[in-house]
Amino acid sequence: MAVNRGISWGFDHPAVITGAVLAPAGLGLFFHIEHRSDAPLLPPALLREPAFVRPIAAQAMLQVGFVGAMVMAPFLLERRWGFGPTVIGLLMLPRPLSFAFCARLGGAHDSRHGAQRVVVTGMLLFSAAMLLAGIGAQQRWLPLFLFGAMLAGAGSGYIRPTVANAATNAAGDDDLGIAGGSMNMLQQIGAAIGITVLTALMADSADGTRFLLLHLVAAAAGLAAAWLAIGIRDHQSDN
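In this note's numbering, the protein residues as written are 1 to 239.
It should be emphasised that the hints constitute simulated quantities derived from the structure, not laboratory data. Errors might be hidden in some of the hints.
Just the calculated beta-carbon pair ranges, DEER-fashion [unchecked claim]:
id	residue 1	residue 2	range
1	A203	T18	20 to 30 Å
2	L223	H113	18 to 28 Å
3	P14	A203	18 to 28 Å
4	Q139	S111	35 to 45 Å
5	P14	R117	45 to 55 Å
Ideal Cβ placement from N, Cα and C applies to all residues, glycine included.
Could you build all of it, start to finish, from the sequences and the hints given here?
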């Protein structure tokens, strides 16, 4: 609630403050129960396995920047260039298209080049893309902004199959569902944080420098994700 309702209700709203206070306590209680359970929802042993934690943590961190910047883009296109909804919708297409194409490419490169190399490469590409998009937004260079947005989709899509494979391989056949569910949950949390933080910092501004700084925040999330991804274990080492 603190993340999701902070913007619309205000971060000083009693319910938002209560949610922020109760969240750590609830998380601690959850893990306490999990450790005592004979059939835990999220086995504690998995959380002690870096080969499982690193991929999903890196993916969640990348989502902070990727989804935050994606949600910010329509406002940017309207405020910096004055485009309407139809044009904005068309200009948003390169990002998901490059995401889909590069997801297929990343899946093929996973077994060929190794999981760690694929994921770190994709996340560094995303960070570079955010820098380009931010410069394009600041200078009102539309082609550069769109190129950066397209590269952001490419970087995020490129890693997606590899991250999923790394997490599920680490979890093992008995916990495939847990691995997939955990990854999806953390992705959604990362996306919610990214949307909340970037849109709150954006506010109603049309200033180019602010949009550049917001893209640098997204790029920093990508760099943090790349650092987490350094610990990902290549699948070949399991064979």
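Status of the hints after comparison with the structure:
1. A203 <-> T18: 20 to 30 Å: Taking Cβ atoms as reference, A203 and T18 lie about 24 Å apart, which means the hint holds.
2. L223 <-> H113: 18 to 28 Å: holds, 21 Å
3. P14 <-> A203: 18 to 28 Å: holds, 23 Å
4. Q139 <-> S111: 35 to 45 Å: holds, 41 Å
5. P14 <-> R117: 45 to 55 Å: With a Cβ separation near 48 Å, P14 and R117 satisfy 45 to 55 Å, so the hint holds.
In terms of the numbered hints stated before, the structure departs from none.
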